[in-house]
Amino acid sequence: MDFNDTPAEAAFRAEARAWIQANAPRQLFEALSSSTFGGLNTGGEDPMQAAKSWQKKKADAGWACLLWPQEYGGRGATPIQSVIWNQEEGVYGKLGGTFIIGQGMCGPTMMAYASEEQKRRYLPKIASGEEIWCQLFSEPHGGSDLAGLRTRAEKDGDEWVINGQKIWTSGAQHSDYGILITRTDPTVAKHKGLTMFFLDMRSPGVDIRPIKQVNGQSGFNEVYFDNVRIPDAQRLGAVGDGWRVSLTTLMNERLAIGGGITTGFPDIHELVSSLPIDRDTAISDPAVRSKLADWYCKAAGLRNTASRAISALSRGETPGPENSIGKLVAGGMMQDIAKFAMDLQGFGAVVNDPALSEGAARFQAMLLRSPAVRIEGGTDQILRNIIAERVLGLPEDMRADKGLPFNRIPTGN
Amino acid sequence: MNFDFSEDEKLVRDQTARLLADRCDSKAVREVLEGRAPYARAVWQGLCEMGLPGTAIPEAYGGVEAGYLTLCLVAQALGAAVAPTPFSSSVYLVAEAVRLFGTEAQKQSLLPKLADGSCIGALAVTEGRTEPDLNALACQVRAGRVSGNKFAVADGGIADVLLVAAGGDSGAGLYLVSTDAAGVTRSRLETVDPTRDTVSVAFSDAAAELLGDTGGQGAAQLARLYDRAAVLFAFEQIGGAQSALDMAVGYARERFAFGRPIGSFQGLKHMMADMYVALKLAESNCYYAAWALATDAPELPLAAATARVSATQAYQLCSRDNIQVHGGMGFTWEFDCHLYYRRSNYLALQLGGLSVWENKLVNALPSAA
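As you go down the protein sequences, you meet chains A and B in turn.
FYI, the numbering used here numbers position 50 of the first sequence as 50, with every residue one higher than the one before it.
FYI, the numbering used here numbers position 175 of the second sequence as 1175, with every residue one higher than the one before it.
If you are wondering where the hints come from, they were derived from the structure by calculation, not from laboratory data.
Values in this document were obtained by computation on a predicted structure and should not be read as measured data.
Mixed in with the good hints there might be a few duds.
[To be verified] Away from chain B, derived, C-beta distances all over 12 Å, residues of chain A:
hint, residue
1, E15
2, A31
3, P47
4, R120
5, R121
6, Q234
7, N352
8, G412
[To be verified] Computed footprint of chain B on chain A, listed as stretches where at least three residues anywhere in the stretch have a Cβ under 8 Å from a Cβ of chain B:
hint, stretch
9, 282-295
10, 320-329
11, 376-386
12, 396-403
In this text, a Cβ means the ideal position worked out from N, Cα and C, and glycines have one as well.
With the hints as constraints, model all of the structure from the sequences given.
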């Protein structure tokens, strides 16, 4: 058991570190480091420009989408090299948020199902950040029950005509392209009548409306489709095979190992180490110590679990299922930390103003953004179902819609 | 990075697990639970025949010197089987203390016997119903003789030698006392886990030999000993937690209610998912602590406390909710759920309870400033 790189890994790390030192946008270091949860701080610079500029620089030097083949804009690197890159990129990795959906989910789906010509046209620009992609999956009637989606696609000659609505589409307002799952046959069971496409987000009939969130930001959107036409050549996978294609996408929605997951522990540790209560610092209080210890155990547990996954990758193996616990643990923990940190500060903590609140209002930002962590990319409840069914092997839940044609499933409205 | 156990280390774990599957089934545990034996002799003999008490003891002192990583995995297997043996007391505590603090003569006389299991050791620290204050111990040693009472000594009834925390001329120290010495009286105690032999001990001018050659080091020695032992106890705890979770999952797949397996209900499914999450966090923390133990890393105090706190939480959660998954049957003497419930709550307090270790953890955190 050891924590050392192999000689090959050490050489790769040195190469990555040297390139980052020579090329990273150092003027952004402090601003990025002080970003609060859900709020990217790029000092005075335009966040989108800052993100695109770093991404392009990386791509030109072969440091973007490391796992992808070189001919599609990647590096052809191994998984452990990708982890090492994430560790070395550190705080500059925060600039990559805009590209996560395109590079992490749309890209791999295109890689698996698009034509060679399409791959050569689209993938390098996803890698370089020159084109931004979104994933049009969730609907008002299909979130956790994704296969209950209703957006229709009807064949008309060499084209498909799309009508319906998507929701919770991250970054749609900035996107050039999107992958879209639709219902092409409502008369068969719900998983069987789906078909996947990709489309130009500027196609006539696409209407994007940002959703104002609890925290005042608008990262998510509603996207309406009114007779939007998509060429059949932009179909991904066979007609009726959309569910299987979507699983390719979702399988890639894995934890970005090595970049670390935000838990809020360093923030609460710092706060209680300096905050006075009862003529002492908060960290002297037994109740505070008990909670701090519990949170440290969780944060350390996630870090050490990631180390196990990295070891597996280093040996060329697939990480075990224990890697699936990250978001489930971190989301609830962050919400608890925000509440506790504000409780310690008293009524003054209701003030949510970066200029007046502790730590640029970091705990208020966590309080107001953390509910979404427990929902996006799989709710806490769906994640528990997945652990129970796929990891522990417990039987599937009984489904009221099992085997029914989609158009005969009870809807409640 | 290679954050995993080696094939050799896993092989010893598997061999230990096979021995335990063979000799330490529910029936063997219940022999002790129901008072027909003070401990599972056949299991202990098997462990000794494999040389396991000497896993981390140097060859020069009769051990097999297979290292602490191996010992961690042995502990995990013992915990999984709820083994009613004095292994933890004799190996993680007494043999370890002798190896760390003993004089050369003490090491030569004691370690070979602890390594082959012909001598069983137990640690006597607790004196009453509060966490012990080492600066105010009732047990006192004067002129090589100890007097006073110890309360709740794990494996003390079957031990041949006790390591006793007692006050001396220069402060608290650790003293070796033979259980057949004159002036040593042991009385069996009823505890929440009767599968572990537990006694009170009265000392009346019993011959006591200081461990090592410098008195007054007891507090520092115990703190160091506990940091090391906590890692091994944590491995026993995650072993037990895994068994409790496996038992819950097995039952939930087979037991039907309302025309379906109860494991298909989300109320139970989510409970078991949470057991899994707690266990995996603890397991990963235990791996890290094993590394710190094996390499004597400066991170050990924090790593040990982290493993200990999360393993205590995981075992208590898994054993408690295993009963819940079983419903009424889980509350019967006949089902094995209570074996895990009892052991989890016993282990949670040995070496100091959750609040003690939470406190140690926070003390060991690097400064946040």
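Hint check results:
With a cut of 12 Å on Cβ distances, E15(A) stays outside the contact zone with chain B, its closest approach being about 18 Å. Distance to chain B confirms A31(A) as a non-interface residue, since its nearest Cβ pair spans about 22 Å, more than 12 Å. Interface exclusion of P47(A) from chain B stands, the closest Cβ pair being 29 Å apart, more than 12 Å. With 12 Å as the threshold on Cβ separation, the claim that R120(A) sits away from chain B holds: the shortest Cβ distance comes to roughly 35 Å.
Non-interface status of R121(A) relative to chain B is upheld: no Cβ of that chain comes within 12 Å, the nearest being about 38 Å off. Listed as a non-interface residue, Q234(A) keeps its Cβ farther than 12 Å from every Cβ of chain B; the least gap is roughly 38 Å. Chain B leaves N352(A) outside its interface by the beta-carbon criterion, the shortest separation being 23 Å against a cut-off of 12 Å. Even its closest Cβ contact with chain B, about 19 Å, leaves G412(A) beyond 12 Å, as expected for a residue assigned away from the interface.
Residues of the stretch 282-295 of chain A lying with their CB closer than 8 Å to a CB of chain B number 7, which satisfies the three-residue condition for coverage. Taking a C-beta to C-beta cut-off of 8 Å, the stretch 320-329 of chain A contributes 4 residues in contact with chain B, enough for the three needed, and the coverage statement holds. For the stretch 376-386 of chain A, the stated coverage by chain B is satisfied: 4 residues place a CB nearer than 8 Å to a CB of that chain, which reaches the threshold of 3. Here the stretch 396-403 of chain A counts 3 residues with a CB under 8 Å from a CB of chain B, which clears the bar of 3, and the coverage holds.
When held up to the earlier numbered hints, the structure conflicts with none and fits them all.
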